[in-house]
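Going line by line, the protein sequences match chains A and B. First residue of the first sequence: 1, per the numbering used here; consecutive thereafter. First residue of the second sequence: 302, per the numbering used here; consecutive thereafter.
Simulated from the structure, these hints should not be mistaken for laboratory data. All of these numbers come straight from a predicted model, not from anything done at the bench. Misleading hints may appear alongside valid ones.
Stated by the list, open to error - Result set (DSS-like, lysine-lysine): computed pairs, CA atoms no more than 30 Å apart in a straight line:
1) Lys131(A) / Lys96(A)
2) Lys297(A) / Lys473(B)
3) Lys297(A) / Lys432(B)
4) Lys397(B) / Lys432(B)
5) Lys397(B) / Lys190(A)
6) Lys432(B) / Lys383(B)
7) Lys258(A) / Lys473(B)
8) Lys378(B) / Lys397(B)
9) Lys190(A) / Lys163(A)
10) Lys258(A) / Lys172(A)
11) Lys598(B) / Lys258(A)
12) Lys432(B) / Lys460(B)
13) Lys383(B) / Lys397(B)
14) Lys258(A) / Lys559(B)
15) Lys491(B) / Lys297(A)
16) Lys491(B) / Lys432(B)
17) Lys172(A) / Lys432(B)
18) Lys559(B) / Lys297(A)
19) Lys598(B) / Lys163(A)
20) Lys559(B) / Lys172(A)
21) Lys96(A) / Lys297(A)
22) Lys598(B) / Lys172(A)
23) Lys297(A) / Lys598(B)
2 protein chains.
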Amino acid sequence: MSLLVTGSIGIDTVETPYGVSENCLGGSAVYFSMAASFFSPVRLVGVIGSDCPFNLTEVFAGRDIDLTGLETRALSKTFRWKGLYHGTMNEAITDKVELNVLSEAPPTVPESFRNSRFVFLANTAPDLQHKLLDQIEPGAFVAADTMNCWIHGHLDELKSLLKRIDCLIINKDEARELAADRNLISAAEKVLTMGPGTVIIKKGQSGSITVDSGGERFILPAFPTLEVKDPTGAGDSFAGALMGYLAQAGRTDFGALKTAVAYGTVAASFTISEFSLEGLTSIDRANIDNRFEMLRKLTQF
Amino acid sequence: MSLLVTGSIGIDTVETPYGVSENCLGGSAVYFSMAASFFSPVRLVGVIGSDCPFNLTEVFAGRDIDLTGLETRALSKTFRWKGLYHGTMNEAITDKVELNVLSEAPPTVPESFRNSRFVFLANTAPDLQHKLLDQIEPGAFVAADTMNCWIHGHLDELKSLLKRIDCLIINKDEARELAADRNLISAAEKVLTMGPGTVIIKKGQSGSITVDSGGERFILPAFPTLEVKDPTGAGDSFAGALMGYLAQAGRTDFGALKTAVAYGTVAASFTISEFSLEGLTSIDRANIDNRFEMLRKLTQF
Chain A
1 MSLLVTGSIG IDTVETPYGV SENCLGGSAV YFSMAASFFS PVRLVGVIGS
51 DCPFNLTEVF AGRDIDLTGL ETRALSKTFR WKGLYHGTMN EAITDKVELN
101 VLSEAPPTVP ESFRNSRFVF LANTAPDLQH KLLDQIEPGA FVAADTMNCW
151 IHGHLDELKS LLKRIDCLII NKDEARELAA DRNLISAAEK VLTMGPGTVI
201 IKKGQSGSIT VDSGGERFIL PAFPTLEVKD PTGAGDSFAG ALMGYLAQAG
251 RTDFGALKTA VAYGTVAASF TISEFSLEGL TSIDRANIDN RFEMLRKLTQ
301 F
Chain B
302 MSLLVTGSIG IDTVETPYGV SENCLGGSAV YFSMAASFFS PVRLVGVIGS
352 DCPFNLTEVF AGRDIDLTGL ETRALSKTFR WKGLYHGTMN EAITDKVELN
402 VLSEAPPTVP ESFRNSRFVF LANTAPDLQH KLLDQIEPGA FVAADTMNCW
452 IHGHLDELKS LLKRIDCLII NKDEARELAA DRNLISAAEK VLTMGPGTVI
502 IKKGQSGSIT VDSGGERFIL PAFPTLEVKD PTGAGDSFAG ALMGYLAQAG
552 RTDFGALKTA VAYGTVAASF TISEFSLEGL TSIDRANIDN RFEMLRKLTQ
602 F
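Just chain A, with the same shape it has in the complex (with noise of 0.2 Å):
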């Protein structure tokens, strides 16, 4: 079934214990289009400057990833990110940030967009995610992300968020927020109450939480890599996989949603254990289910 992601496309400079990536691709909504397409088509909303040095429809050669809602603007700047990872590389620090295009008003979504059955809003403001979301037909499984500086600055934005998608998808420490509860099962039941029917709670290097408001649970350990050169993408490279395996099956019951968490944990193994895009774009489909089907061995007792 048809899957939309609308979310950043950035230039990245990246620092690692492993070393430093400078300008290279980045962004919530290549991670998620390129983890997505293994497993379906994938439609890209998303906005860059006239400075973007990439051409998407080569990078993107051979997946099925569909950029008409890429919107090119002459008079602005691409998006730009510089972080650093110290230490087991939990968290990434970031030493500088620009905006640019995406402090502007939100990207369209094309007409022929509209009816996506699958949508990921990755994350950035709530009120342009509302503002997206208004123009996707109703009906659609919406999953979303957020961070922090929404939690404090735009909660009322966000709360009106939450009740009209599917499924939150945040880390540790913003469910933390977000509940005000340190607990991470008792906060993702509190996150619950406020509208998504599952909460998917990430937590780095120990793995992922997924409740729903049925009562069902489900506990996923991270994928054991040997080596993590750069975690950027982490996250975005889960959801990808994830809104990717669930709109290939077409289903959103929790036995296809704990298939989905274990396919979104091994797409992200593979992202981490490269700069960039790189764990990515180096495998393709049976490597990922190859892995899938090692997880499972890891983890089944």
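Since the structure of chain A is already known, use the hints to place chain B on it.
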């Protein structure tokens, strides 16, 4: 099959955000024995002073825990520990410790215990662990715990101990120190090369990693508990149920180890839900088996 534990019996004072528990019964051998007794008879080897206010025969009433190896030294004082837990309670802060009788000669393993087939050497100085192990007939499945101070100060004795044991059960920071490797998977593999056929790394709220020298791996999340009141004894309860299950099953193949780790995870989740031993004394084997099945359901996909 016969299961022997040697470890501490202590008078604990514990302060957590949920309250204070003063001068309560604690110690590695006590938590271990209590958890193991749900699965298998236990032989306890430990030593207390004449000031010990607890009657262990009464404490363990109704459980198959043989106290032939409990030594009371008239002129000595019992081990005391005062610990604090803050925030997410991932780590105990030792406020005060009086080794007392633990700084003396180790207890003697009674003649009738020497044929034990499963042995757990709780955390203590590696040379004491050697002396205790010297008293056991060869051929037992031996698991041990250790801690950072022995890794720093007594590495040679610890390394020679590792060559004599089958399974090391340690927490993640200890594993990283021992292997000089921040990645837990490669740290575990490095510890395998030091001797034990199995290494189990406890990650607190993030579960555990089990690896063996045959290349098998098992990753299990912690059981999600809504309320953590007192983490004291979690690791020893984990080891107790784990070794208790192995002794009950009379097997140590990787399949049995996975089940054992899951039972250990469940026992630890009961321990931390109440102060001191209350979490274990208020349940029976059926509660453990129910939660074991819940853990399976939570983690399978």
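Worksheet entry | Non-conforming hints, listed in increasing numerical order | 3, 5, 17, 21
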